[in-house]
Structure formats: C-alpha cells, structure tokens
Amino acid sequence: MITLDDVTIAYGSGSRALVAVRDLTLSVAEGEAVGMVGESGSGKSTVLRAVAGLIPYATGEIKLAGRRVDRRRTTAQRKMTQMVFQDPYGSLHPNQTVDQILAMPIAIHRLDRGEARIAQVLAEVGLGREHRYRYPHQLSGGQRQRVAIARALILEPRILLLDEPTSALDVSVQAEILNLLSRLRRDHGLTMLMVSHDLAVIAHLCERIGVMSRGQLLEITTATAMANNQVTHDYTRQLLRSNAGFDRSSVASGELDVVAG
Amino acid sequence: MTDTLLAVRNLSVTYPGDDGDVRAVRNVSFTLGRERLGIVGESGSGKSTTGRAIMGLVGPPGRIEADELRLGDTDLRGLSERGFRKLRGQRIAMVLQDPKYSLDPVMSVGQQIAETHRSHLRSTNRDARRAALEMLQAVHIRDPERVYTLYPHQVSGGMGQRVMIAMMLIAGPDILIADEPTSALDVTVQTQVLAIIDDLVRSRGMGLILISHNLHLVSSFCDRVLVMYAGQVLETCVAGKLAEAKHPYTRGLLAALPQLGNRRAELPQLQRDPAWMADLA
Chain D
496 MITLDDVTIA YGSGSRALVA VRDLTLSVAE GEAVGMVGES GSGKSTVLRA VAGLIPYATG
556 EIKLAGRRVD RRRTTAQRKM TQMVFQDPYG SLHPNQTVDQ ILAMPIAIHR LDRGEARIAQ
616 VLAEVGLGRE HRYRYPHQLS GGQRQRVAIA RALILEPRIL LLDEPTSALD VSVQAEILNL
676 LSRLRRDHGL TMLMVSHDLA VIAHLCERIG VMSRGQLLEI TTATAMANNQ VTHDYTRQLL
736 RSNAGFDRSS VASGELDVVA G
Chain Y
7 MTDTLLAVRN LSVTYPGDDG DVRAVRNVSF TLGRERLGIV GESGSGKSTT GRAIMGLVGP
67 PGRIEADELR LGDTDLRGLS ERGFRKLRGQ RIAMVLQDPK YSLDPVMSVG QQIAETHRSH
127 LRSTNRDARR AALEMLQAVH IRDPERVYTL YPHQVSGGMG QRVMIAMMLI AGPDILIADE
187 PTSALDVTVQ TQVLAIIDDL VRSRGMGLIL ISHNLHLVSS FCDRVLVMYA GQVLETCVAG
247 KLAEAKHPYT RGLLAALPQL GNRRAELPQL QRDPAWMADL A
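Line by line, the protein sequences give chains D and Y.
FYI, in this note's numbering the residues of the first sequence are 496 to 756.
FYI, in this note's numbering the residues of the second sequence are 7 to 287.
Hints were generated in silico from the structure; no laboratory data involved.
Note that the coordinates shown come from a computational prediction; the quantities given were computed from them, not determined experimentally.
Every residue, glycine too, gets a C-beta built ideally from N, C-alpha and C.
Among the clues, some could well be false.
[What the hints assert, rightly or not] Among chain D residues calculated to face chain Y with C-beta under 8 Å, some are: (1) Ser535; (2) Gly621; (3) Asp665; (4) Ala670; (5) His692; (6) His699; (7) Gln733; (8) Leu734; (9) Asn738; (10) Gly740; (11) Phe741; (12) Arg743; (13) Ser744.
In isolation and in its complexed conformation, chain D is listed as follows:
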C-alpha cells in the first residue's frame, strides 16, 4: 500500500541542504500497521510528512497503492492519505466549531451527504451530538484528539498517518484513543504508519517496527522480537532499556559524558 524506495529527503537546497532522511526503503502492506521509533531529529516525522505530501522528497520514489506520488497530488490521492498530529491543542482551528472543522474537508473534496457524514463520523469516534457545535477549547485533550481523528476519517482514507497521536494525553485517555485506533483499523481495513517515542505504544498497535537514527532506518523488527529483546542495534537496545524505566546499571559512569550538544 505504501512503498518507499531509496527515498532521500532534504530541507533546503544546494550547499545549505540538510539531509533529514537518507536512502530509506520501506514497504507497508494493505491493512498493515507499521511503527517508527527514534530520537528527536532522527527523521521519523519527516518520513510521515513526505508520505502525506506535505513536503517534497529529493530522490527515490514513493508509491501509494502502486502509483508514484510527488508533492503535487490529485484530490483523489490526497483523500487516500490522512494524518493525525501529536498536539490536539495545536492542530484544530480555535475559532471553528467541531462542525465547521469537519465540514471543511467535505467542502474541499465536494462530497455529498455532508450532514450525514459528520453525524456518522462523530458517532464512530465516540463523540456525542452535544459535542458537534462546541469549540476546541470547550473539549478535553482526549475529545480533541477524537475530533482530529474524525477529521482524518471523514474522507474515508485508506492510509492513516499518525504522528505521536497519544503523547500529549494522560495514560487513561491514551488507552481510550489506542482502543479507538485499533477498532477503526479493524472496521475500515486501514493501513497505518505511526511514529512515536514510546515503544510500548508502538508495539501495541503495530506488527512491524522500524528504528530510525540520524536519518537512517537502522533496522526493521517486530513487536514480538522487541519484547524478547531480540534486536541487533545498540541504539535499539538502549531504547528498550530506557523504556523499561530508570535503571541505574544502564548508565555506566562514562556514558553520562556521551550526550554532547
């Protein structure tokens, strides 16, 4: 469903270009969920943005459903991939009601039955009719993230791109959103590509997990292999240890000095 072949993504051009992702090859089958982990600046979100068509890529090829896509896309191609962002406080227009936020994609894509679609998608993400005419500031963080998911879903996409969808949320709300995402994936046969720094969250939703560091895909492993500590790269091992909580022994005294600028 998603194929990236030798993709390099750079910000800027010429001698000042900053290569954010280098020679990345990855494929996600239809209905599969693949996660990507890595430290900040590793390029994981950049990959999502290039797949979504928010930024161009320099070399290589990105294919969605077998078709090569560039930054310029047809309406149908845009409809196929939708994205949910990390911060539900920043990704919704503060002066628009939920109804207006959801009506916008319908207008842009000239879909019929707008009214019915909004009502249906709200029910699907677990929001009631009473939420429809509220502004984002009248909703909790979890409710806002549900609106963001509804906005992506209303176009009936085949691919859902998730950029840290639960990291701004409390643990109990995170569980609700993760359950919602699993259910939507099952009901709609969605293909998912998800980015997070939380290994447990990624492993909960995704079968395969890619580990990125400094713009490169170090390895692709499975959630099961991660859980059994079968990983090949040092960086992945470090991620696993950090994820388990604070472990004094994992920090050798020399290692404290390693973090440079």
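Chain Y: place on chain D using the hints.
Positioned in the frame of chain D, the structure of chain Y alone reads:
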C-alpha cells in the same frame, strides 16, 4: 528514615472560580526525609500545585491553608515573599519541565549559574565563576569553559536540563523538587539526566520530590510514591511495589498502560468512580 526535611500536614490550595471555589489540592499530608519521593497523577491531579505551594509560588487569588508546612525549622505558612526568596535556591530548589522556557534567553548559561551563587552566598564574581564551572563539571558537562559562554538556544535539551540542575544545586539546597524534569527529553537522554540527579541528591544527602505522570519512571527511580487524584493523595506505596498497589485508581492506571510483550486486543479503560472524589479524612 532519618530526620525530617519537610513536613506537610493537611495542605489545601484553593482558587476562586465562577462556580465557587476550585480546590486544586485537598488535605495533602506527607513528610520528606533524605529520600526520593515520587508524586504521580494525571493532569489536574494537583501534583504540580503541591510542589508550587511548597515553593511559595501560589500567588493570589490562590489560597494556601495547612495545619503544618514546615521546612526544617522554618514555618512556611504565611511566610512573606521576601522570606521565600531567601529560601528558594538556598534551602529548596525546583527544576521544571522544559529548559527552553526556564532559562533566561539573553544571558549565557554560565552567568546564570554564577548569578545564583552570587545572590545567595554573596560571593565575588571570581568565586561565583569558579563555583559555576565546578558545578557544570558535576553535572557531567565535558567542556565547562566552553559551555559557560553558551546561550540557552545553543545547547541541546539534555544539556539545558543539566544546566538547570547545576543552577538549582549550586547554593546547596536541602530539597530539590523536580517537576517532570525529563518529559521534554528523548528517552535515552532521560536516563542520563536522572542518573545525574540521583548521584547529586545522594552524595549531598538531599531530599528529592519527583513529580511525574510516568508510572514506570517513578516506580523505578524513587523510594516512595504518592498517588494523587483530584487534589488528594489516594495512596502511598513503596515505589518498587507499585505493581501491588491496592487502590482501584492506581490499579486502573497500571492496567491501562500498553506493555511490551503483553499485547492485549483491547486495553482496559479506567472507570472513574465518583467515590474517589469524596473528601478523604
């Protein structure tokens, strides 16, 4: 446990609201010795407000009431702003979440650390500078002379947080309150920053209050954990035994966490019991 550094009994923080008073913290009691105490809870549980109340950072219209709020032999109730300014830094210090916002952007990090030393210990510029360089070394910064001259935007998040720790500890406080000190950092850097806090707190015999929403982190790092919900302490446990927590809220939170190696089709969602809101004795 050894001597008590901080004693808090029936601490309440109230803010006036449109529909009556909002009680952000309700009857919280605990004592802190030379140990690492964790406070966990979700957003709005009152964990940060508790920390701010101890620092004297709850301004009007917020109101603080307590039967006891004592730092060593100093009564913090009704202490003036001037009195608090003397205590902050020297006896009790606080590290906040994001060094990007808590450091002064137009002053080099070294000068900021030295300023703390000067104002609390009335030291000369030269002594303050030397102490700041030593402190930078203590937080494992390799080239203190170079880092001293850098401005906050020139340092990484992990380094910025170490600068904050250096600044907070330079005047030798007895207690460090760390409010989500590593939430803005990458997981791999988190461990290193926590190890530095751990080393310094132990070697100086300080008391630490670690405020966090991260249950794994708190249970693996601290000695004792307070679980807060809706402004109250629902439960206190030995950190290593958080998994055996009794309160349904704590158990619900733990169950709702996704776990590596234990993949469940559906995560159990927390069912909030209205009874948890009721005032505890």
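Exercise for review: Output the numbers, in ascending order, of every earlier hint that fails for this structure.
Suggested key: Hint check: 2, 13 fail, others pass.
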